[in-house]
Amino acid sequence: MREGGAVSLLRRMPLYWRVCLINAVVFVLGTVALAVAPVTVSSRVLASEAVVLAIGLTTILILNALLLRSTLAPLDRAARLMERVDLESPGERLTDTGNGAVADLVESFNAMLERLETERRTSTARALAAQEAERHRIARELHDEVGQGLTAMLLGLKRAVDRAPDDIRADLELVQTAARGSLEEVREVARRLRPGVLEDLGLVSALAALATDLTAHTGIHVQRGLASGLPDLGKEAELVLYRVAQEAMTNVARHSGADTVYLSLTRQGAGVALLVADDGRGLRPGSEGAGIRGMRERALLVRAELTVRRRPEGGTEVRLVVPVPVAGRPAA
1 MREGGAVSLL RRMPLYWRVC LINAVVFVLG TVALAVAPVT VSSRVLASEA VVLAIGLTTI
61 LILNALLLRS TLAPLDRAAR LMERVDLESP GERLTDTGNG AVADLVESFN AMLERLETER
121 RTSTARALAA QEAERHRIAR ELHDEVGQGL TAMLLGLKRA VDRAPDDIRA DLELVQTAAR
181 GSLEEVREVA RRLRPGVLED LGLVSALAAL ATDLTAHTGI HVQRGLASGL PDLGKEAELV
241 LYRVAQEAMT NVARHSGADT VYLSLTRQGA GVALLVADDG RGLRPGSEGA GIRGMRERAL
301 LVRAELTVRR RPEGGTEVRL VVPVPVAGRP AA
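Under UniProt numbering, the first residue of the sequence shown is numbered 1, with each subsequent residue one higher.
Don't take every hint at face value.
[As the list claims (entries may be wrong)] Cross-link-like lysine to aspartate or glutamate pairs, in silico, EDC-like; alpha carbons within 20 Å at most: (1) Lys158 with Glu141; (2) Lys235 with Asp200; (3) Lys158 with Asp171; (4) Lys158 with Glu184; (5) Lys235 with Glu297; (6) Lys235 with Glu305; (7) Lys235 with Glu199; (8) Lys235 with Glu247.
In case anyone wonders, no lab produced these hints; they're calculated from the structure.
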C-alpha cells in the first residue's frame with residue numbers, strides 16, 4: 001500500500017521537482033558508491049584511478065539520462081503529435097498519455113481541441129445561418145421589388161409599343177426585349193440565392209435542376225446518378241449538400257473547360273455521398289480558393305468528409321460524404 005502511495009505521489013509531483021529528485025537520487029547513489037568502494041585518489045591522480053573516476057562518471061551520466069528519458073520522452077512525443085493536429089481534421093486526439101505531468105498536459109490539450117472544435121462548429125453554424133438569411137432577404141427583395149418593378153415596366157412598354165408610331169416602335173421593342181432579359185436574370189439570381197426547389201421538391205430534384213441549368217447555360221453535358229429512397233439527412237445537411245454541389249458546378253462552368261460532368265448522389269456505408277467530377281483541365285496544385293474553403297467550412301458544420309482532388313485521368317473530383325443521423329437510420 002505504501003509503495004502504491006509513493007508511486008502515486010511521484011506521478012502527481014510537478015515535473016521540475018521530479019527532475020530534481022531524479023538528479024538527487026543519482027548523486028546520492030554515486031556518493032554512497034564512492035564512500036563504500038575500496039578506492040582512493042592520490043594527490044597526483046594515477047592512470048588506474050582516472051579510469052575508475054571515468055567509469056563512475058559515465059555510469060552516473062548514463063543512469064541520469066535513462067531516468068530523465070523515462071520522464072521527459074513522453075513529453076517530446078506529445079509535442080510532435082501536437083504539431084500534426086489540424087482543426088480542419090476534427091476528431092484527431094493525442095493518444096500518448098504518458099504519466100504524471102505529461103498525462104495532465106495531454107488531457108488538457110485534448111480538452112482544448114474539443115472546445116476549439118465545438119466553438120468552430122458553433123461560429124461556423126452562426127455565420128452560415130446569417131449568410132443564408134441574407135441570401136433569402138436579397139432574393140426576396142429582388143423578386144418582390146426589382147422583379148415587380150421590371151414587370152410593371154414591361155407592361156408599360158407593351159402598351160407603348162401598341163400605340164407607338166411605326167418609326168419608334170422598333171426602338172421600343174428593343175427596350176422591351178432588354179427589360180425582359182433583365183427580368184429573367186433577376187429571377188435567375190434570386191433562384192440561385194434561395195433554392196426554392198430544395199424546399200419544395202427535395203434534394204434530388206434540386207440537384208437535377210442544377211444539372212439542367214448547367215447544361216442550359218454552358219452546354220456542358222451532365223451525366224446524372226441520383227439515387228432515390230435515400231435516408232432523411234435533415235434540412236441543414238441537405239442544404240450543405242446542395243451548396244457544395246452548386247459551388248462545385250459553378251467552378252466547373254468558370255474554370256474547368258470541361259465537356260462532361262458526372263453528378264451522383266448515392267448511399268455510401270453509414271452516409272450519403274455526393275460526387276461532382278469533370279473531364280476538364282483539373283485542379284492546379286495550391287489553387288484552392290475561397291469557394292473550396294467555403295465548402296470545407298460547410299462540411300465541418302455537419303461533420304461531413306470533403307475531398308477535392310485532381311483525377312488521374314484528368315479533371316477535378318469533389319466528393320462529400322455526409323453521415324446519416326442516428327435518428328434517420330432505418331431500423332435493422
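Hints versus structure:
1. Of the supplied pair hints, the one linking Lys158 and Glu141 is violated, its CA atoms being roughly 25 Å apart against a limit of 20 Å.
2. Restraint check for Lys235 and Asp200: satisfied, since their Cα atoms lie roughly 12 Å apart, inside the 20 Å limit.
3. Distance hint between Lys158 and Asp171 is fulfilled; the C-alpha atoms sit about 12 Å from each other, no more than 20 Å.
4. Simply put, Lys158 and Glu184 have alpha-carbon atoms about 17 Å apart, close enough for the 20 Å limit, and the pair holds.
5. For a cut-off of 20 Å, the pair hint linking Lys235 to Glu297 stands: about 17 Å separates their Cα positions.
6. With a C-alpha separation of about 18 Å, the suggested pair Lys235 and Glu305 falls inside the 20 Å cut-off, and the hint holds.
7. The suggested pairing of Lys235 with Glu199 holds, with an alpha-carbon distance near 9 Å, which does not exceed 20 Å.
8. Note on Lys235 and Glu247: the hinted pairing holds, with a Cα-Cα distance of about 18 Å set against a maximum of 20 Å.
Hint 1 from the list above is the single one not met by this structure.
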